Amino acid sequence: MEVKILSAKFDIKNSNKLKTAKKHGAYQTLEKLFSMEPAEVIEEVKNSGLRGRGGAGFPAGVKWSFLPKDTGKPVYLAVNSDESEPATFKDRYILVKDPHMMIEGIIICSYAIGSHDTYIYVRGEYTTQVKVLQAAIDEAYKAGYLGEKVAGHDFRLDVTVHRGAGAYVCGEETALLESIEGRKGQPRSKPPFPAVSGLYGCPTIINNVQSIASLPFIMQEGADAYKAYGTEKSPGTHLFGISGHVEKPGLYELPLGLPILEVIDKVAGGVWKGRKLKAVIPGGSSTPVLLPEEAATTTLDYESMAEHKTMFGSGGIVVLDETVNIVELVQNLINFYHHESCGQCTPCREGLGWMKKITQKILKGEGSMADIDLLRELCDNIEMKTVCVLSAACTMPVRSYLDKFRHEFEAYVTANEPLVAEATEE
Amino acid sequence: MADKIKLFVNGEEVEVEAGKNLIDAVGAVGIEIPHLCYHPALGADGNCRMCLVGIEDGRPPLVPACKTRAQEGMKVLLDAKHIKKIQRDVMELELINHPIDCPVCDQAGECKLQDYYMSYDQAESRMTVAPVKKNKKMDFGGGVVHDQERCIICGRCVRFLRQITKTGELGIINRTDVARVNIFPGRPINNRYGINVVDLCPVGAMTSSDFRFKQRVWFLKKALSVCHGCSKGCNLTIDHNKEKNKDDIIYRFRPRLNEQVNGYFICDEGRLSYKLENEDRLTTPKIGTVERDLTDVLASCKNEIEMSTNVTILLSPNASLEQMVAVKALAGKLNASISGFSDGYIITGDGDDYLIQDDKAANRKGLELLGIDTSQQGFEQAIAEADLLINFGNNLGLSYGADALKTLLTDTKTIACATHDSEYLAGAKLTIAVRSYSEYDGCVVNCDNILQKFNKAVTKNNELPTICEIAAEFGGPLTSPAEIFAELQQAAPALKPYQPATIPAEGLNLNDSEAANVTA
Numbered sequence: 004m005e006v007k008i009l010s011a012k013f014d015i016k017n018s019n020k021l022k023t024a025k026k027h028g029a030y031q032t033l034e035k036l037f038s039m040e041p042a043e044v045i046e047e048v049k050n051s052g053l054r055g056r057g058g059a060g061f062p063a064g065v066k067w068s069f070l071p072k073d074t075g076k077p078v079y080l081a082v083n084s085d086e087s088e089p090a091t092f093k094d095r096y097i098l099v100k101d102p103h104m105m106i107e108g109i110i111i112c113s114y115a116i117g118s119h120d121t122y123i124y125v126r127g128e129y130t131t132q133v134k135v136l137q138a139a140i141d142e143a144y145k146a147g148y149l150g151e152k153v154a155g156h157d158f159r160l161d162v163t164v165h166r167g168a169g170a171y172v173c174g175e176e177t178a179l180l181e182s183i184e185g186r187k188g189q190p191r192s193k194p195p196f197p198a199v200s201g202l203y204g205c206p207t208i209i210n211n212v213q214s215i216a217s218l219p220f221i222m223q224e225g226a227d228a229y230k231a232y233g234t235e236k237s238p239g240t241h242l243f244g245i246s247g248h249v250e251k252p253g254l255y256e257l258p259l260g261l262p263i264l265e266v267i268d269k270v271a272g273g274v275w276k277g278r279k280l281k282a283v284i285p286g287g288s289s290t291p292v293l294l295p296e297e298a299a300t301t302t303l304d305y306e307s308m309a310e311h312k313t314m315f316g317s318g319g320i321v322v323l324d325e326t327v328n329i330v331e332l333v334q335n336l337i338n339f340y341h342h343e344s345c346g347q348c349t350p351c352r353e354g355l356g357w358m359k360k361i362t363q364k365i366l367k368g369e370g371s372m373a374d375i376d377l378l379r380e381l382c383d384n385i386e387m388k389t390v391c392v393l394s395a396a397c398t399m400p401v402r403s404y405l406d407k408f409r410h411e412f413e414a415y416v417t418a419n420e421p422l423v424a425e426a427t428e429e
Numbered sequence: 010m011a012d013k014i015k016l017f018v019n020g021e022e023v024e025v026e027a028g029k030n031l032i033d034a035v036g037a038v039g040i041e042i043p044h045l046c047y048h049p050a051l052g053a054d055g056n057c058r059m060c061l062v063g064i065e066d067g068r069p070p071l072v073p074a075c076k077t078r079a080q081e082g083m084k085v086l087l088d089a090k091h092i093k094k095i096q097r098d099v100m101e102l103e104l105i106n107h108p109i110d111c112p113v114c115d116q117a118g119e120c121k122l123q124d125y126y127m128s129y130d131q132a133e134s135r136m137t138v139a140p141v142k143k144n145k146k147m148d149f150g151g152g153v154v155h156d157q158e159r160c161i162i163c164g165r166c167v168r169f170l171r172q173i174t175k176t177g178e179l180g181i182i183n184r185t186d187v188a189r190v191n192i193f194p195g196r197p198i199n200n201r202y203g204i205n206v207v208d209l210c211p212v213g214a215m216t217s218s219d220f221r222f223k224q225r226v227w228f229l230k231k232a233l234s235v236c237h238g239c240s241k242g243c244n245l246t247i248d249h250n251k252e253k254n255k256d257d258i259i260y261r262f263r264p265r266l267n268e269q270v271n272g273y274f275i276c277d278e279g280r281l282s283y284k285l286e287n288e289d290r291l292t293t294p295k296i297g298t299v300e301r302d303l304t305d306v307l308a309s310c311k312n313e314i315e316m317s318t319n320v321t322i323l324l325s326p327n328a329s330l331e332q333m334v335a336v337k338a339l340a341g342k343l344n345a346s347i348s349g350f351s352d353g354y355i356i357t358g359d360g361d362d363y364l365i366q367d368d369k370a371a372n373r374k375g376l377e378l379l380g381i382d383t384s385q386q387g388f389e390q391a392i393a394e395a396d397l398l399i400n401f402g403n404n405l406g407l408s409y410g411a412d413a414l415k416t417l418l419t420d421t422k423t424i425a426c427a428t429h430d431s432e433y434l435a436g437a438k439l440t441i442a443v444r445s446y447s448e449y450d451g452c453v454v455n456c457d458n459i460l461q462k463f464n465k466a467v468t469k470n471n472e473l474p475t476i477c478e479i480a481a482e483f484g485g486p487l488t489s490p491a492e493i494f495a496e497l498q499q500a501a502p503a504l505k506p507y508q509p510a511t512i513p514a515e516g517l518n519l520n521d522s523e524a525a526n527v528t529a
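Residue numbers (our numbering), protein chains in the order written: chain A, 4 to 429; chain B, 10 to 529.
Heads up, some of the hints might be wrong.
[Stated by the list, open to error] Dumping the calculated DSS-like pairs for lysine-lysine here, alpha-carbon to alpha-carbon at most 30 Å:
| hint | chain 1 | residue 1 | chain 2 | residue 2 |
| --- | --- | --- | --- | --- |
| 1 | B | Lys29 | A | Lys193 |
| 2 | A | Lys35 | A | Lys230 |
| 3 | A | Lys367 | B | Lys143 |
Hints listed in this document are in silico derivations from the structure and should not be mistaken for laboratory results. Just so we're clear, the structure is a prediction, and the values are computed from it rather than from any experiment.
Based on the sequences and whatever the hints tell you, model everything.
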């Protein structure tokens, strides 16, 4: 099931070094790139159907075409490497294992959108990744792939690495821009969208690491070769981080559209210790949970996820076995989003803290049915009333747990004990 | 006039001014969109989420009204069930960590949260868990006391200090529900406009150390006035109260919106200058240093005027136009020279490029308008020949040192009308205590030539005479307010279409009317 496009060089020793990367094909698309018109590049990416890999899945080529023409202002590219969604660990591999693939992708994107300055926003906790990435950028400058004349062509491109300070919310496009500009990382109201007024008030494209890293393949092999993978509406491959209660957790590159349970069984070795599957988080902690019977008909693509009232998200699949205490899981989840709320909008700032305390109260056995109802109601009251979707990233999954596992919450209220299987260690 | 556009609110067509956001546009025609973080002087921030409204045109179902420009044909939904629910839900979330102790909060009675609770919520609290604990009674410096628990993180104060004063003393530190407004360590609020954050704060988080807990605001009587602290003439609301068996006291000055003068704000010195109206006031007339009845003092004054051969009259640059007109008429009657010399009121370099002016007098332009000489030379020439100086409120002690003043007035007796005791008054032969500007109606002309009306706020138990009344007592020909105003209309033709009560609240720009006269 596994394919090797993005991860082609992941198993090669020293793949982060320019010499090794070049030996395995890095920067080979540049001649072709500069022989094309930027509009042709955009068209090719549009044709490939590449969708933004940050979670929302918005078609990358279409996003680029939103840039207003001839504003007289510089166009910026910001690469989102703030990968902070719990259960997501794909971009970090690219940064460490194949940074030159990303730099090549940056060159392709910059040429297509007419940008000469790229900011790579790297999650603050990614200390090793930043070192490796910066070394790769330095090598690329030295070799002439970045700087005044990219690969000898009349095209300037400068790349700056900007480290975050450890805020999940800075993965939100406009909070990321605020952070680069040196302000507190708080999302901006939209409109205006970054494509019109982004970094320093200039047109800005923000793409995820994996989206950018997918570009060299599309340039090299063409849109049709990319579309050969995946489904019609969700083409291509994706790096899936499978974690939780499976025998072989890890990062796997798969074409989109595979049945999720088959992937768990055949790729990740199935639920560990022979236990029963309780639920699957399909794409990072903010995606609504799937029950086994729902997962049975779910495939790993944007459309199937939407049909099952969840989201494709960031490809971070978490497998939960029968011993998982859902109420504790929800507590953990709310704690995270509460901690990461930027504190700007009233509903998110005040509401998530309230939800956290209500869940604590239920876990302590001090809750009532009214508290469960209130928790459920707060999900509706908070969601989509805010500048960004951080609050929704909490309320959407919490609502799914409350709806699908309400009996576990009620058990804390009525019997004051969890309704889960005892963990048995072999 | 600004362009008008038509849009629909709850299905009803309304005509509003173009180019404004929804809150201001429909607010101007009396339709309230609740909001906490938005302030017209600070722009839209969009954090409180109280102003979410529906727009029925296919855009996202909810938009913040503060960030949405009113557009022709727009269909705004305000009274729909789901919008009302959002307002209730946001109010509930605003209140869960906000202390519900309005009876002991200084903001009660002028609190937007309290008002909105009554208008948009009125629900029982469902908060059964412990609220977030934060710091209380924090001294932020500059006369500002902060309560972090009452704060709703709307950021108005932070934005004011960043955008208006550009001093940036405040920031919102931390995230999530422990986010709080604070100063930076060791760097208190330190600018001349800092107390405006107290007015800007929609809740009781920012209080003035000068005013807090002195009065419940619903007991305060309000009067519209104009600051006399400098020549800018910032618009004020005077909050005063006469408690049982006590005198009428001013408790605070608050800025009052006037787009063409001061906008929404005033400086701290002006704000705190209310104290001068309460304290160190001259209350009894004197002959020499002996306190006497007003009748006795007036009789002595008239006697002195009769006996004198050459009178010089000096006016204060703080006197109202009405007082200037009355005194000028008196000067004519007495054949006296008249001067408005008051260089000592000007503190060169003290002003800034915002509101504060070098000239600490409220009506120097008024002297100019009435053609009253303000030169030092003119005044000194007049004094050299005069045996009597009638001084209407001009503190000569600001313009001369004690010795210089003594020399100047060696051969001149002084009748002084004054509001406040001062060293200079010690040399006066006769002293009459008169009302200060919070105690009479009048007009002043500010540094930008804008004529503004202010109203009487305070009536003291022992009500003093006004300068106009004294001028009439001394034989001035203008004895009634109507006569004075008619005379004033001659000097300021822009006033002709008006009566004292109908002068526009935003003032009359005399430059405009002069220009209008020229073209006509």
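Hint by hint, here is what the structure shows:
Proximity of Lys29(B) to Lys193(A) is assessed by CA-CA distance (about 18 Å); at most 30 Å being required, the pair is judged to hold. Between the alpha carbons of Lys35(A) and Lys230(A) the distance comes to roughly 20 Å, so the proposed pair stays at or under 30 Å and holds. For the suggested pair Lys367(A) and Lys143(B), the alpha carbons sit about 25 Å apart, so the restraint of at most 30 Å is met.
Consistency with the previously given hints is maintained throughout, with no hint failing.
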